[in-house]
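Participant: Protein chains in written order, with numbering that gives the first Met the number 0: chain A, 0 to 153; chain B, 0 to 745.
What the hints contain is simulated information worked out from the structure, not anything from laboratory work. All C-beta atoms, glycine included, are put in the ideal place defined by N, C-alpha and C. Incorrect hints may have been included.
[Said to hold, decoys possible] Once the Cα atoms are required to be at most 30 Å apart in a straight line, the calculated DSS-like pairs of lysine-lysine come out as:
#: 1; chain 1: A; residue 1: Lys149; chain 2: B; residue 2: Lys113
#: 2; chain 1: B; residue 1: Lys440; chain 2: B; residue 2: Lys472
#: 3; chain 1: B; residue 1: Lys333; chain 2: B; residue 2: Lys113
#: 4; chain 1: B; residue 1: Lys440; chain 2: B; residue 2: Lys266
#: 5; chain 1: A; residue 1: Lys9; chain 2: A; residue 2: Lys149
#: 6; chain 1: B; residue 1: Lys224; chain 2: A; residue 2: Lys149
[What the hints assert, rightly or not] Cβ pair distances, simulated, as ranges:
#: 7; chain 1: A; residue 1: Asp121; chain 2: B; residue 2: Glu740; range: 46 to 56 Å
#: 8; chain 1: A; residue 1: Gly51; chain 2: B; residue 2: Lys730; range: 24 to 34 Å
#: 9; chain 1: B; residue 1: Thr641; chain 2: A; residue 2: Glu79; range: 29 to 39 Å
#: 10; chain 1: A; residue 1: Glu152; chain 2: B; residue 2: Arg629; range: 28 to 38 Å
#: 11; chain 1: B; residue 1: Thr669; chain 2: A; residue 2: Thr53; range: 49 to 59 Å
#: 12; chain 1: B; residue 1: Gln438; chain 2: A; residue 2: Glu152; range: 25 to 35 Å
#: 13; chain 1: B; residue 1: Asp116; chain 2: A; residue 2: Glu152; range: 49 to 59 Å
#: 14; chain 1: B; residue 1: Arg214; chain 2: A; residue 2: Gly51; range: 30 to 40 Å
#: 15; chain 1: B; residue 1: Glu55; chain 2: A; residue 2: Thr53; range: 39 to 49 Å
#: 16; chain 1: A; residue 1: Thr53; chain 2: B; residue 2: Gly562; range: 29 to 39 Å
#: 17; chain 1: B; residue 1: Gly379; chain 2: A; residue 2: Gly63; range: 22 to 32 Å
#: 18; chain 1: A; residue 1: Gly51; chain 2: B; residue 2: Pro645; range: 38 to 48 Å
[What the hints assert, rightly or not] Among the chain A residues that face chain B by a calculated CB cut under 8 Å, a handful are:
#: 19; residue: Thr2
#: 20; residue: Glu17
#: 21; residue: Ala45
#: 22; residue: Thr53
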Amino acid sequence: MSTSLKINGKTHDVDLPEDVPLLWVLRDEIGLTGTKYGCGVAACGACTVHIGDTAVRSCQVALGDVWDDVTTIEGLGTPETMAVIQSAWVEHQVAQCGYCQSGQIMQAAALLAENDSPTDEDIDLAMQGNLCRCGTYPRIRAAIHAASAKMKEV
Amino acid sequence: MSRIGKIARRSFLIGSVAIVGGVAFGAYKINQPAPNPLKPLTGQTALNPFILIDAEGVTLIAPRAEMGQGVHTTWAALIAEELDVALEDVRVLHGPAGKAYYNSAMMGEALPGKGYDTSAFQHSLGEAMGSIGKLVDLQLTGGSSSMKDGFVRMRETGAAARETLKQAAANRLGISRDQLKTENGSVIAPDGSSLTYSELAEDAAGITPPDVTLRDPSQWRYLGKSTPRIDVVGKSTGTAQFGIDTRLPGMKFAALRANPRLGGGMKGFDASAAETMPGVEKVVDLGNAVAVVANNTWLAQQALDMVEIDWEDAPYPPETDQLFDAIARSFDEKPNSSMRDDGDAETLPEGATELTVEYRVPYLAHATMEPMNATALHDGITLDVWCGNQDPIFQQKKCAELAGVEQENVRIHTTLMGGGFGRRAELDFASYATLLATQMKGTPVQLTWSREEDMRHDFYRPGAIGRFRGAIKDGRAVLLDGQIAAQSVMGQSLKRYAGISPMGPDKVHVEGAFNQPYGIPNYRIRGYLTDLAVPVGSWRSVGNSHNAFFHETFIDELAHAAGRDPLVFRIELMQGVHAPSVGCLEAVREMSGWTGKTPDGVGRGVAFTYSFGTPVAEVIEVVDEDGTIRIRKAWIACDVGTALDPSIIEAQMESGLIYGLSAACFGEITFAGGEVEQFNFPDYDALRLHNTPEIETRILETNRYLGGVGEPGTPPSMPALGNALFDLTGKRARTLPLSKEFDLLA
Numbered sequence: 000m001s002t003s004l005k006i007n008g009k010t011h012d013v014d015l016p017e018d019v020p021l022l023w024v025l026r027d028e029i030g031l032t033g034t035k036y037g038c039g040v041a042a043c044g045a046c047t048v049h050i051g052d053t054a055v056r057s058c059q060v061a062l063g064d065v066w067d068d069v070t071t072i073e074g075l076g077t078p079e080t081m082a083v084i085q086s087a088w089v090e091h092q093v094a095q096c097g098y099c100q101s102g103q104i105m106q107a108a109a110l111l112a113e114n115d116s117p118t119d120e121d122i123d124l125a126m127q128g129n130l131c132r133c134g135t136y137p138r139i140r141a142a143i144h145a146a147s148a149k150m151k152e153v
Numbered sequence: 000m001s002r003i004g005k006i007a008r009r010s011f012l013i014g015s016v017a018i019v020g021g022v023a024f025g026a027y028k029i030n031q032p033a034p035n036p037l038k039p040l041t042g043q044t045a046l047n048p049f050i051l052i053d054a055e056g057v058t059l060i061a062p063r064a065e066m067g068q069g070v071h072t073t074w075a076a077l078i079a080e081e082l083d084v085a086l087e088d089v090r091v092l093h094g095p096a097g098k099a100y101y102n103s104a105m106m107g108e109a110l111p112g113k114g115y116d117t118s119a120f121q122h123s124l125g126e127a128m129g130s131i132g133k134l135v136d137l138q139l140t141g142g143s144s145s146m147k148d149g150f151v152r153m154r155e156t157g158a159a160a161r162e163t164l165k166q167a168a169a170n171r172l173g174i175s176r177d178q179l180k181t182e183n184g185s186v187i188a189p190d191g192s193s194l195t196y197s198e199l200a201e202d203a204a205g206i207t208p209p210d211v212t213l214r215d216p217s218q219w220r221y222l223g224k225s226t227p228r229i230d231v232v233g234k235s236t237g238t239a240q241f242g243i244d245t246r247l248p249g250m251k252f253a254a255l256r257a258n259p260r261l262g263g264g265m266k267g268f269d270a271s272a273a274e275t276m277p278g279v280e281k282v283v284d285l286g287n288a289v290a291v292v293a294n295n296t297w298l299a300q301q302a303l304d305m306v307e308i309d310w311e312d313a314p315y316p317p318e319t320d321q322l323f324d325a326i327a328r329s330f331d332e333k334p335n336s337s338m339r340d341d342g343d344a345e346t347l348p349e350g351a352t353e354l355t356v357e358y359r360v361p362y363l364a365h366a367t368m369e370p371m372n373a374t375a376l377h378d379g380i381t382l383d384v385w386c387g388n389q390d391p392i393f394q395q396k397k398c399a400e401l402a403g404v405e406q407e408n409v410r411i412h413t414t415l416m417g418g419g420f421g422r423r424a425e426l427d428f429a430s431y432a433t434l435l436a437t438q439m440k441g442t443p444v445q446l447t448w449s450r451e452e453d454m455r456h457d458f459y460r461p462g463a464i465g466r467f468r469g470a471i472k473d474g475r476a477v478l479l480d481g482q483i484a485a486q487s488v489m490g491q492s493l494k495r496y497a498g499i500s501p502m503g504p505d506k507v508h509v510e511g512a513f514n515q516p517y518g519i520p521n522y523r524i525r526g527y528l529t530d531l532a533v534p535v536g537s538w539r540s541v542g543n544s545h546n547a548f549f550h551e552t553f554i555d556e557l558a559h560a561a562g563r564d565p566l567v568f569r570i571e572l573m574q575g576v577h578a579p580s581v582g583c584l585e586a587v588r589e590m591s592g593w594t595g596k597t598p599d600g601v602g603r604g605v606a607f608t609y610s611f612g613t614p615v616a617e618v619i620e621v622v623d624e625d626g627t628i629r630i631r632k633a634w635i636a637c638d639v640g641t642a643l644d645p646s647i648i649e650a651q652m653e654s655g656l657i658y659g660l661s662a663a664c665f666g667e668i669t670f671a672g673g674e675v676e677q678f679n680f681p682d683y684d685a686l687r688l689h690n691t692p693e694i695e696t697r698i699l700e701t702n703r704y705l706g707g708v709g710e711p712g713t714p715p716s717m718p719a720l721g722n723a724l725f726d727l728t729g730k731r732a733r734t735l736p737l738s739k740e741f742d743l744l745a
């Protein structure tokens, strides 16, 4: 039985058991590898995507339970046309190994969509589920503040 | 399409097509240049092992593992600086396994000196030793050595290639080479006309490079400045390709389970339930592990849980306490090393006050964000392996041996790494994928470890015990006698990587303790090796990671026992020994407004470590927030000699500090029944955004030689935090992790 999903504006019919987590549908079936596997237990945030407007851990959402359209890092912006938050990440040279950054950016994008002027405390609260073993946190914080300022200019 | 296109495009580097060019430039400090490992296709020219030119432009080979430390950007900048190409226009690749890519700096580090006291003669000797790296296939990223290795070599490589391109243009235009200039990938003639490097490459490949003079740093365009990282757009858009993102036509996905009693064998398994699970294609016996192959990684993981496996016992005492008992017993044996033995450490100086302390630190996992994985394809004759790794030639040799193919028929495709920290120098991930592919000839297969498998099958930072005895007199340290016991990382890893059983004093085991620039008249450091089969390996800063905690906590204890300000106490001991080290302490004193006094509810600690050629001082400030302790601020000062890219250096210093603080606060691997008790991040957590301090970094450039930056930020972070907690609470931290004794913000 196939399941129909809308991902980054495009419809995909997926022929996998309904309990397969969205993460593994994206990565192994559809080939959207920008969303990363880090822990499988919602403890690191590397697999964060948007379902509707909500940032979710895609390792915890079964294929059969996806309730709305899905946006992944690839749908947020491309190297040629980056989203404001991605440009801020580039400007602040956030990434080191880069593996967690898709999840960090998706989490930060959801925060800014809900709150265009987050305080340090708001950022602490929203981002503490996203682990970065390289310790890029100081630049993540700076990039979120910069993206917030930029979004208000527009 | 684009992904397959990229893989195909990359394959020209390792394809079996005729060798074109392959001119070796006089850029290497070796008598016989290594063969050029690049095998360009028609229309492509390899000017040397690091520069490849085709109609589309210039590709630079940066054969050091990009695992986040920014090595590709600065390595490319070293070549581009002299080659005159715009960094934004070049492609940078890891390249294949090849002797030409040996690391010339790591062997120099193996000399017995302390580092900070290196004379010009010893420095040259170190450079000469570096050529041995070529003989032992040391294409290795580690030891914070990449820039020391590439600083002269890569600029000479770029300059030599530039001059041959100019000569090719001179020949074509019938004028002399010195009338020509170069700019942004073109040679410019006196009349303003230009020839691109792409047009000239084929001619240039036949020209023997002339001697070159390197440009004065005042002329640098890229070096010495913060350059945008070449990988940052890819890593901000999900388009950067890590090993785990390898996708090949017809590829299968597999999950792995190896014996959790590390190094133990497998008696047998029952896969009948797993074989009928959805998506499963086959269950494969890998000798001491089982792999399930499926059409989806998660389905493979689910089926693996249904495989019943009968494991053998661990080849080491199964409980943590027993392991530490064995480590403690090492002190009764003869020391392996006395790398420092100044004055008379046996006798307590007259009138001095003695202090004796024991410290203990746990085993630690690397916990890279990207779990271990590798993808392999064995077609019967050749083996292709895609994985992030820190040592392609060692990987190639091991995979060849396991697959039963010739070494030259193994192609290692090194990808970006989702963290390394030493873990990706190991050969196990590529080995298991190779064993699996060998049983699935003709089918590419990606073997991904679950987080649990990764956490529980590491080569751990060894647990260690430090016994330190010292004495103070008239406000100064007059005796420091340290003994360090642990398993030997080098003893195990050199055997795994290269089949070498090192003998003699193990310098890495005592680094961070024996080589610190303190002028203490009676100063001895002895190392004791514990023979245990728990897998141990290099963990960011290696021996420094435990020894700095022992040494710098003890220096702090001596300062407090003497009633002195611990920062001033250190500076006084270093005066006249190593000025750049004093400079780092003076810098953090000024940056933090250090007074030696803190108000109630605030604690500050300082620590210092000289490692990998770089002195680093750190001050940490902690605050008591209603009983919970927050790490509020950190100040770092390092002296790297020449700062090739300040933004990347700052990032590495911050990264090193956070990695160290994460371990100091929460990191601990324990054993029960021979199995690691930590499974996933909830059991082995790290600092996160909300509990990471605000960090200020200052980069100094007075040191005589270029220092490393990837690791030196880590060692002093752990004692600096412990020392700050002592200032706040009056309780001395002598064991890690600190969360066991202190109520830290989690």
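Participant: Does each hint hold? Answer for all of them.
Facilitator: Hints versus structure:
{"no.": "1", "hint": "A:Lys149 / B:Lys113", "verdict": "50 Å, violated"}
{"no.": "2", "hint": "B:Lys440 / B:Lys472", "verdict": "71 Å, violated"}
{"no.": "3", "hint": "B:Lys333 / B:Lys113", "verdict": "23 Å, holds"}
{"no.": "4", "hint": "B:Lys440 / B:Lys266", "verdict": "26 Å, holds"}
{"no.": "5", "hint": "A:Lys9 / A:Lys149", "verdict": "29 Å, holds"}
{"no.": "6", "hint": "B:Lys224 / A:Lys149", "verdict": "26 Å, holds"}
{"no.": "7", "hint": "A:Asp121 / B:Glu740: 46 to 56 Å", "verdict": "32 Å, violated"}
{"no.": "8", "hint": "A:Gly51 / B:Lys730: 24 to 34 Å", "verdict": "49 Å, violated"}
{"no.": "9", "hint": "B:Thr641 / A:Glu79: 29 to 39 Å", "verdict": "36 Å, holds"}
{"no.": "10", "hint": "A:Glu152 / B:Arg629: 28 to 38 Å", "verdict": "33 Å, holds"}
{"no.": "11", "hint": "B:Thr669 / A:Thr53: 49 to 59 Å", "verdict": "37 Å, violated"}
{"no.": "12", "hint": "B:Gln438 / A:Glu152: 25 to 35 Å", "verdict": "58 Å, violated"}
{"no.": "13", "hint": "B:Asp116 / A:Glu152: 49 to 59 Å", "verdict": "55 Å, holds"}
{"no.": "14", "hint": "B:Arg214 / A:Gly51: 30 to 40 Å", "verdict": "55 Å, violated"}
{"no.": "15", "hint": "B:Glu55 / A:Thr53: 39 to 49 Å", "verdict": "42 Å, holds"}
{"no.": "16", "hint": "A:Thr53 / B:Gly562: 29 to 39 Å", "verdict": "58 Å, violated"}
{"no.": "17", "hint": "B:Gly379 / A:Gly63: 22 to 32 Å", "verdict": "41 Å, violated"}
{"no.": "18", "hint": "A:Gly51 / B:Pro645: 38 to 48 Å", "verdict": "42 Å, holds"}
{"no.": "19", "hint": "Thr2", "verdict": "14 Å, violated"}
{"no.": "20", "hint": "Glu17", "verdict": "10 Å, violated"}
{"no.": "21", "hint": "Ala45", "verdict": "6 Å, holds"}
{"no.": "22", "hint": "Thr53", "verdict": "19 Å, violated"}
Checked against the numbered hints given earlier, the structure breaks hints 1, 2, 7, 8, 11, 12, 14, 16, 17, 19, 20, 22 and satisfies all the rest.
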